[in-house]
Amino acid sequence: MSEVFKVIGEWFAISGGVAMFMGILSKCINVMVKAFTRGEIVV
Numbered sequence: 001m002s003e004v005f006k007v008i009g010e011w012f013a014i015s016g017g018v019a020m021f022m023g024i025l026s027k028c029i030n031v032m033v034k035a036f037t038r039g040e041i042v043v
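Residue numbers in the sequence shown follow this note's numbering, run continuously in steps of one, and reach 43 at the last position.
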């Protein structure tokens, strides 16, 4: 039974890390898009 909890715990840790990474990524993209639409970034 403890093996099941270990797997669930690892799955939560991985999905939590992915969710955090996606959140940071979307924030960065949001800031880039805002800066780009204001014309601060010149390609």
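Simulated from the structure, these hints should not be mistaken for lab results.
Mixed in with the good hints there might be a few duds.
[What the hints assert, rightly or not] Cut-off 20 Å, straight-line C-alpha distance, at most; resulting in silico cross-link-like pairs (SDA-like, lysine to any residue):
#1 34 <-> 22
#2 27 <-> 9
#3 27 <-> 37
#4 34 <-> 23
#5 27 <-> 8
#6 27 <-> 11
#7 6 <-> 23
#8 6 <-> 16
#9 27 <-> 10
#10 6 <-> 22
#11 6 <-> 24
#12 34 <-> 24
[Claimed, not checked] FRET-style restraints, in silico, Cβ to Cβ:
#13 3 <-> 24: 42 to 48 Å
#14 34 <-> 4: 43 to 49 Å
#15 38 <-> 4: 49 to 55 Å
#16 32 <-> 10: 28 to 34 Å
#17 39 <-> 4: 50 to 56 Å
Heads up, the beta-carbon is just placed ideally off N, CA and C, and yes, glycines get one too.
Against the structure, the hints come out as follows:
For a cut-off of 20 Å, the pair hint linking residue 34 to residue 22 stands: about 18 Å separates their Cα positions. Annotation: proposed proximity of residue 27 to residue 9 is violated, straight-line Cα distance about 27 Å (limit 20 Å). Proximity of residue 27 to residue 37 is assessed by CA-CA distance (about 15 Å); at most 20 Å being required, the pair is judged to hold. Of the pairs offered as hints, the one joining residue 34 and residue 23 holds, with about 16 Å between alpha carbons and a cut-off of 20 Å not exceeded.
Our distance criterion of 20 Å between C-alpha atoms is broken by residue 27 and residue 8, whose separation comes to about 28 Å. The hinted pair formed by residue 27 and residue 11 fails the criterion: a straight-line CA distance of about 24 Å is larger than 20 Å. A distance of roughly 26 Å separates the Cα atoms of residue 6 and residue 23; the hinted pair therefore is violated under the 20 Å criterion. With a CA separation close to 15 Å, the supplied pair residue 6 and residue 16 stays within the 20 Å bound.
Note on residue 27 and residue 10: the hinted pairing is violated, with a Cα-Cα distance of about 26 Å set against a maximum of 20 Å. Restraint check for residue 6 and residue 22: not satisfied, since their Cα atoms lie roughly 24 Å apart, outside the 20 Å limit. Proposed proximity of residue 6 and residue 24 is contradicted: the alpha carbons are some 27 Å apart, above 20 Å. Annotation: proposed proximity of residue 34 to residue 24 holds, straight-line Cα distance about 15 Å (limit 20 Å).
Separation of residue 3 from residue 24 is about 32 Å and departs from the stated range, judged on CB atoms against 42 to 48 Å. Roughly 45 Å separates the CB atoms of residue 34 and residue 4, a value that falls within the hinted 43 to 49 Å. The hinted range of 49 to 55 Å is satisfied by residue 38 and residue 4, whose Cβ atoms lie roughly 51 Å apart. Separated by about 33 Å at the C-beta atoms, residue 32 and residue 10 satisfy the suggested range of 28 to 34 Å.
Residue 39 and residue 4 have their C-beta atoms about 54 Å apart, which keeps the hinted 50 to 56 Å range intact.
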